[in-house]
Amino acid sequence: MIKNIAFIGLGNMGFPMAKRLCNAGFTVKTAVHRNVEKARQLEAENGIIADSLVEAVRGVELVITILPQDEQVKAVLLEPEVYEAVTANSATIIMEMTSCAPETVREVGREYSQKGVRVLDAPVSGGTAGAADGTLTVFGAGEPELLDELRPVLDVLAAKVYHVGELGAGKALKAINQMMAAVNMVVVAEAVALAEKEKIDLETMYKVIKESAGNSYVFDRKFKNLAADSFPAGFRTALMRKDLGIALGLGEGLELPLAKLAYEYYLKAEAYDHLDYSAVAKLLVERLK
71 MIKNIAFIGL GNMGFPMAKR LCNAGFTVKT AVHRNVEKAR QLEAENGIIA DSLVEAVRGV
131 ELVITILPQD EQVKAVLLEP EVYEAVTANS ATIIMEMTSC APETVREVGR EYSQKGVRVL
191 DAPVSGGTAG AADGTLTVFG AGEPELLDEL RPVLDVLAAK VYHVGELGAG KALKAINQMM
251 AAVNMVVVAE AVALAEKEKI DLETMYKVIK ESAGNSYVFD RKFKNLAADS FPAGFRTALM
311 RKDLGIALGL GEGLELPLAK LAYEYYLKAE AYDHLDYSAV AKLLVERLK
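Each residue of the sequence shown is one higher than the last, beginning at 71 in my numbering.
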């Protein structure tokens with residue numbers, strides 16, 4: 071039974087997830103990997119700050135990682151001392167939740183399988199709101215039995231949990247999801263620019279489109295950012311560009327013209343890297359006026 075968890079990655083998604091686990095009664099350890107302030111906030115929620123990553127993962131039943139980039143996933147999980155501490159107990163499970171390349175989690179899986187440690191590929195969708203209220207969607211991949219074993223943990227974090235295939239399939243499907251969201255965001259931006267050109271009231275536009283065929287998850291969730299010209303950091307533009315790049319890498323040999331065009335816009339939106347990815351619309355609206 072899972073009681074002790076090492077949670078590595080207290081970013082915009084990771085912190086509210088770790089907080090929920092603390093509040094649900096799990097013993098959650100972390101380390102000051104990048105964000106001292108978030109670690110202190112988790113400590114205030116009865117989380118434990120370990121002296122190092124090695125101490126954070128030592129003796130736990132479950133290691134959760136949700137980090138910004140592939141490089142950090144490897145730097146944490148494939149670091150020799152961390153590897154040694156995790157594999158000291160072959161019953162330990164790793165739940166890798168980063169939006170990264172499929173090959174990264176496969177590499178982690180290969181390394182840990184040599185010591186009998188199982189890895190679940192489990193990226194999520196649902197944004198910071200879903201992370202805070204426990205309504206994320208989990209793209210689970212790997213051994214199906216792991217989803218059952220980790221159900222008490224997953225139920226705290228997610229409303230929907232799917233098994234989508236073998237290790238790496240979760241990362242691939244998440245990249246596909248991100249590709250669709252990124253392209254849709256560009257279309258929403260073009261629609262707003264066109265509405266403004268035609269002097270259509272944006273509040274009216276939202277009400278009508280929400281009940282029409284043009285509605286989408288991205289339109290519904292992100293339109294208010296465009297209307298208010300405010301893009302508080304949720305899922306950052308830099309991370310969406312990274313995920314779209316992963317999708318294009320997986321699609322090598324395919325045309326994917328819309329995804330490639332969207333990627334060009336996200337490259338040009340570098341100035342908005344610290345803002346929510348919907349800020350790419352700000353760039354587009356300005357250019358289309």
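Calculated directly from the structure, the hints in this document are not laboratory data. Take these hints with a grain of salt, some might be off.
[Said to hold, decoys possible] In silico BS3-like cross-links for lysine-lysine, where the CA-CA straight-line distance does not exceed 25 angstroms:
hint : residue 1 : residue 2
1    : LYS338    : LYS352
2    : LYS294    : LYS352
3    : LYS352    : LYS280
4    : LYS312    : LYS267
5    : LYS269    : LYS280
6    : LYS280    : LYS294
7    : LYS312    : LYS330
8    : LYS144    : LYS294
9    : LYS267    : LYS280
10   : LYS294    : LYS277
11   : LYS267    : LYS230
12   : LYS312    : LYS280
13   : LYS277    : LYS267
14   : LYS277    : LYS330
15   : LYS73     : LYS312
16   : LYS294    : LYS338
How the hints compare with the structure:
{"no.": "1", "hint": "LYS338 / LYS352", "in the structure": "11 angstroms, holds"}
{"no.": "2", "hint": "LYS294 / LYS352", "in the structure": "12 angstroms, holds"}
{"no.": "3", "hint": "LYS352 / LYS280", "in the structure": "21 angstroms, holds"}
{"no.": "4", "hint": "LYS312 / LYS267", "in the structure": "32 angstroms, violated"}
{"no.": "5", "hint": "LYS269 / LYS280", "in the structure": "19 angstroms, holds"}
{"no.": "6", "hint": "LYS280 / LYS294", "in the structure": "12 angstroms, holds"}
{"no.": "7", "hint": "LYS312 / LYS330", "in the structure": "13 angstroms, holds"}
{"no.": "8", "hint": "LYS144 / LYS294", "in the structure": "37 angstroms, violated"}
{"no.": "9", "hint": "LYS267 / LYS280", "in the structure": "20 angstroms, holds"}
{"no.": "10", "hint": "LYS294 / LYS277", "in the structure": "11 angstroms, holds"}
{"no.": "11", "hint": "LYS267 / LYS230", "in the structure": "40 angstroms, violated"}
{"no.": "12", "hint": "LYS312 / LYS280", "in the structure": "29 angstroms, violated"}
{"no.": "13", "hint": "LYS277 / LYS267", "in the structure": "18 angstroms, holds"}
{"no.": "14", "hint": "LYS277 / LYS330", "in the structure": "31 angstroms, violated"}
{"no.": "15", "hint": "LYS73 / LYS312", "in the structure": "34 angstroms, violated"}
{"no.": "16", "hint": "LYS294 / LYS338", "in the structure": "22 angstroms, holds"}
Hints 4, 8, 11, 12, 14 and 15 from the earlier list are contradicted by this structure; the remaining hints agree with it.
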